[in-house]
Structure formats: C-alpha cells, structure tokens
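Visitor: Letter by letter, the chains look like this.
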Amino acid sequence: MLRIPIKERADWRKRAEEFGFKFHTMYGEPYWDETAYYQFTLRQIEQDIEDPTAEIHEMCLAVVDKVIRSEELMERFCIPETHWDFVASSWQRKDACLYSRLDFAYNGKSEAKLYENNADTPTSLYETGFWQWLWLEECVNKGKLPRQSDQFNSLQEKLITRFVQLAKERAGSPLFFSCSKDTDEDRGTVQYLQDCAEQAGIDTFFVYVEDIGLSDEGDFTDLEDHAVRWMFKLYPWEFMLREEYAPYLLNNKTAWLEPPWKAILSNKALLPMLWRLFPNHPNLLPSYFEDDKNIDLQDYVIKPIFSREGSNVEVYQNGQQTTFIDGPYGEEGKIIQAYYPLPKFGESYTLIGSWLINEEPAGISVREDSSLVTQDLSRYLPHIILS
Amino acid sequence: MKRTRFINLEVMRKVTTFGSIGLGTSLLVGCSDQPNAVVYRSLDECKSANPNYESQCEFAYQKALKSLYKTAPQYAGLADCEYEFGYGQCIQHSKSDNWIPLMAGFVLAKALDNDRDIDFRYSRPLITSYSPYSDIRDHWMTTDGRTYGSRYNKSVYVSKDSFKKEPPKVTRTISRGGFGSKAKATSSWSSRSSSSGGWGG
Numbered sequence: 001m002l003r004i005p006i007k008e009r010a011d012w013r014k015r016a017e018e019f020g021f022k023f024h025t026m027y028g029e030p031y032w033d034e035t036a037y038y039q040f041t042l043r044q045i046e047q048d049i050e051d052p053t054a055e056i057h058e059m060c061l062a063v064v065d066k067v068i069r070s071e072e073l074m075e076r077f078c079i080p081e082t083h084w085d086f087v088a089s090s091w092q093r094k095d096a097c098l099y100s101r102l103d104f105a106y107n108g109k110s111e112a113k114l115y116e117n118n119a120d121t122p123t124s125l126y127e128t129g130f131w132q133w134l135w136l137e138e139c140v141n142k143g144k145l146p147r148q149s150d151q152f153n154s155l156q157e158k159l160i161t162r163f164v165q166l167a168k169e170r171a172g173s174p175l176f177f178s179c180s181k182d183t184d185e186d187r188g189t190v191q192y193l194q195d196c197a198e199q200a201g202i203d204t205f206f207v208y209v210e211d212i213g214l215s216d217e218g219d220f221t222d223l224e225d226h227a228v229r230w231m232f233k234l235y236p237w238e239f240m241l242r243e244e245y246a247p248y249l250l251n252n253k254t255a256w257l258e259p260p261w262k263a264i265l266s267n268k269a270l271l272p273m274l275w276r277l278f279p280n281h282p283n284l285l286p287s288y289f290e291d292d293k294n295i296d297l298q299d300y301v302i303k304p305i306f307s308r309e310g311s312n313v314e315v316y317q318n319g320q321q322t323t324f325i326d327g328p329y330g331e332e333g334k335i336i337q338a339y340y341p342l343p344k345f346g347e348s349y350t351l352i353g354s355w356l357i358n359e360e361p362a363g364i365s366v367r368e369d370s371s372l373v374t375q376d377l378s379r380y381l382p383h384i385i386l387s
Numbered sequence: 001m002k003r004t005r006f007i008n009l010e011v012m013r014k015v016t017t018f019g020s021i022g023l024g025t026s027l028l029v030g031c032s033d034q035p036n037a038v039v040y041r042s043l044d045e046c047k048s049a050n051p052n053y054e055s056q057c058e059f060a061y062q063k064a065l066k067s068l069y070k071t072a073p074q075y076a077g078l079a080d081c082e083y084e085f086g087y088g089q090c091i092q093h094s095k096s097d098n099w100i101p102l103m104a105g106f107v108l109a110k111a112l113d114n115d116r117d118i119d120f121r122y123s124r125p126l127i128t129s130y131s132p133y134s135d136i137r138d139h140w141m142t143t144d145g146r147t148y149g150s151r152y153n154k155s156v157y158v159s160k161d162s163f164k165k166e167p168p169k170v171t172r173t174i175s176r177g178g179f180g181s182k183a184k185a186t187s188s189w190s191s192r193s194s195s196s197g198g199w200g201g
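Taken in sequence, the protein lines are chains U and A. Under the numbering used here, the first residue of the first sequence carries the number 1, and numbering increases by one thereafter. Under the numbering used here, the first residue of the second sequence carries the number 1, and numbering increases by one thereafter.
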C-alpha cells in the first residue's frame, strides 16, 4: 500500500461539470484530490480487505438476528419501543437491501480493523463507483498509469445488476428517491443511484425528504400526489423513527431501501455487540458499552451511539483525554472502542471504506484527513491495484 | 479484473455534448419494429387530430414541455446552442439562464391496451436541428440523445421503456413535512451547518 503523487488530469474540472460531479470542492476546500493515488497489491485487496469485508458483514447479520429477539438489546440499540415490531418484522421478512460501507483502519501490513459500519446512509458512492473509475480509465489511456492497472471497484456493475433483480421482484413498480434539501453531496449520491436504477429499467422519481406528504389513506406522497410504494431514502432510520410521521410508518405499504432492519446495523451499539459475539476477531477492535464491567483499556475512544462525521468523539490516551470533538450527539448513550489510530501516509491519515452491494464486497474508497478523526472535510483519493 | 468492465459514458453524462452523440450511437429503428408512437409538432396539431381529447392534448403538451426544461441540453451561450440546433431554434431557460433548444414536437405512446389509440399520459418532448453542422439535422431526438428517424415522420417506434409510467395517485395529501425535522435540528447545531447538512456518513 503506497501513496504515490501523480499529475492531475488537465481537464478534470471540465469533465466533472460534464458528468454532473458538483461536490468535488466543498466548503472552499478540495474534496476530490487526484494529486496522488493509493496503490495496493491484489493480495492486499483480496486477503486483507475483500475477505474480511464479507466475513464482517455476515457477523453483523448475526448481531441483527440476536438484537431483534431481545427487548433489552432493542433498548440498547435505541430503537423506539413503538417500532420494535416494524424493525423486527422487516428482518424476519428478509426485506431487500442495496448497499453499505464498512470503514477500516488499514496500513497495508496489519489486519484491517473495523471502525464502524455505515449500513443505512453511506455516501461517497458516486466518487467511488463512477468518478474514480473514470479517473483510472483516462490515466491509463493517456499512458500516465500502466496498462495492467486495475481497481477494486465493481460498484456500478453490481448496483445495476442489483436493481435489475429488485425490479423483477417488484414487477415494474416505480422507485422514488429522496434526500434532504440543500446538500449537493446527498443529491449527487441519490442522482447516481437513480441513474443506475434507470439503466436497470426502473422508472425513477424524486422527492425531498422534507416535501414528503401523507395522504388521507396513510400513503406517503410526492409533490404531485403520487403514492410512494417503494422508496430509497438517503436519510437515517434513527431520525425517521422519531419524527412526526414515524407512527405512519407502521400501517403503511411502502417498501424501503435501505430496509428498516438497517437501523440496527448503522448504529454504533453494533461494535460492542460484535465484540461480545466474536471476541478477539482479528478485524475487530475491543469495544464495550459504557456501563460494561471490567473494561481494561488505557487508550480508547468514546463514540455516541448515533454519531456522524466524527462529531462528539473523545480520545483518551493513558486514561487522559487528548481529543474532544464537540457535537450534537450523545444523549442516547455511548460506546467505548480501543484506540487504534489511522495509519499516516505523508501528512495525512488514511481511512478505507469497503463497500458491499447486495451483501457482496464490491470495492473501496480511500479518504484522507489531516486529523485523526475523519470528518466531513476529508479528501477523497483514487486508488489502483498493481501486483 | 476487480473493476466494472464497462460504463456507458453517454448515459452518465449530465450536460449533453452533441458532438459525441451522433446517429452512430443512437438506437435506430429496427426493421421489424412497428411504429408505436405518434408525433405532434404542436399543441394545435394534437388537438385537431384528436377532436374529443383537447384537454388530454393540453396535459400531454404541458408535461412534455415541463420535461424539456428539466432534461434538455443546456448551453451557456446562445451561439453554441444555435450552432447545434440552428438559427432561432433556442430559448433561454427561465431558471438557469442557459440556452436550450425549442421543443420541436412531442411524442405520445400508442396505448398498450386497445381501448384507446393514444395514451396521453405518456408524452415526451422531441427536439430537432436545422443546423448544417449537426449530426441530428432533420431528425427527431429525445433529450437523452436517442434519435427516432426523420422529422418528416409522423409516427415512430419508441422502445417501451422510453415512457415512464405514471405512478398511482392518492386522492388527497393531508399534510407535508413530517420527515426531515431531526436533520434540521441537528445540522443547525453543527458549526458547519451553513454549508453542510448531509446525512450520509
């Protein structure tokens, strides 16, 4: 695993505009960064990332299966009691899912360690599935990278294949897509999924989360009063289960992507549960609930159960707090995870996102941050495989 | 190979560049494909061909026009737009100030069930070009870059999936805005709330 500088494609900003990639620069800082790339060996990709990704996903499903059978655990995972059945029956029906992203600390030598599972609303999908693919294609064509360069990235192919399957199961139903207003990044991610769904022959429609309506018969609606019977939402279940329309989820016919059972996986309570069920697994970091007895960690991180983008994370070294990132989360409880700093390449700390499409490992994204806790301002770098 | 084998870049493109979408890449009419869609050059043409369906024509026309504004290729300059579509064939988009081609016609699907000839619910805008520099001169084209033969044709073959099916409607929406409040509350707390607000992770 190497970080190698490379010249940017002279016309990449123009290409970005052509393909509608609007969020390559965010908050005035570069987000897409092609002044360097990461190079992996095929062995690193397959043995250290792909195989553990598949295995951890299976382990996560075992956690879901345990949690939905236990009221105590449903409480630990902060699923509102009113919606226990809603979440549990979604699991028992085996409601279809589309994608998720496991975040790993990996340095090319030691085992990849799971940081968290973004199973409900992962982003950086477009940059991964399409944009870094195009980068490789163009760099190879221009002779800037060796012809035999490959990439761990079959996201787009797998997404379309998955949509084709889902379209068959749902026999020609239109699929509505939704995300919050005022965010180019989320809208871009959703547009990408719409494009993939359209290529799979699905009719797609879009409505912002804030614009979703409720009909007199309990259907959710878009702005043109269409009944929403199948929806992809880039909006977390932990919010939906607590908002005004939460009660209307219960007797409603909508099929959701991601399905309600993902509420359990995208939740940081997952980490201590994984450690309980699979202690000392080489890809897991020791993790505990706040009130667990006999926590024997000198260096650890405290994370709120619902934290996003690194908010409210506290780092302790030798029992002393060394980092604290403020934020709006934490009332719902916290978890404690052994401190395992991200590897440093040059001036940056590097985080690997490993994607699953239809529960199969499908590719990786590489993000860098100038601090140890990856936040929204991290940069996205492309990668190649060269054996 | 560990990556996607092939991506159709034309489909992924958001700003259509017509230089690269010639007739060679479009879905041409197959010999065995019977015409299954009707083209009207104007609202009046639709109304006079369907005397008892004037309001349906209106609906189909408005729908196509709305779709044109959403999906037509946009050009920053009038000259670039006219280069592709011909002199006097472009208008300024009301929202973006960019230039887009005029709607040269709209296409309606022939109904799949037989109780009516034409299904007015399924309409799409058509554009064409009068420019000598354009590959699509005198051809019908939908805004996704597919061509449908000469613009002198009045019925064309359109693959079924070119028409989106209208999802079922509810009788009445009684309220809106019951989702999205947590995002607002949490993001207004965040120091980057002015520019952030995404809920992806």
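A couple of the hints might just be wrong.
Some chain U residues close to chain A (C-beta under 8 Å, calculated; not the full set) [to be verified]:
1. Gly213
2. Asp219
3. Met231
4. Leu386
To be clear, the hints were calculated from the coordinates, so they are not data collected in a lab. Positions of the beta carbon are idealized from the N, C-alpha and C atoms, including for glycine.
Visitor: All the hints need checking, so say for each whether the structure fits it.
Guide: Each hint tested on the structure:
At a threshold of 8 Å, the smallest CB-CB gap from U/Gly213 to chain A is about 4 Å, leaving the interface hint in force. Restraint check, U/Asp219 versus chain A: the minimum CB separation of about 5 Å is within 8 Å; hint holds. Checking U/Met231 against chain A by beta carbon gives a least distance of about 11 Å; that is not within 8 Å, so the hint is violated. Evaluation of the U/Leu386 hint against chain A yields a violated restraint, the C-beta minimum of about 12 Å exceeding 8 Å.
Hint compliance for this structure: hints 3, 4 are broken, all remaining hints hold.
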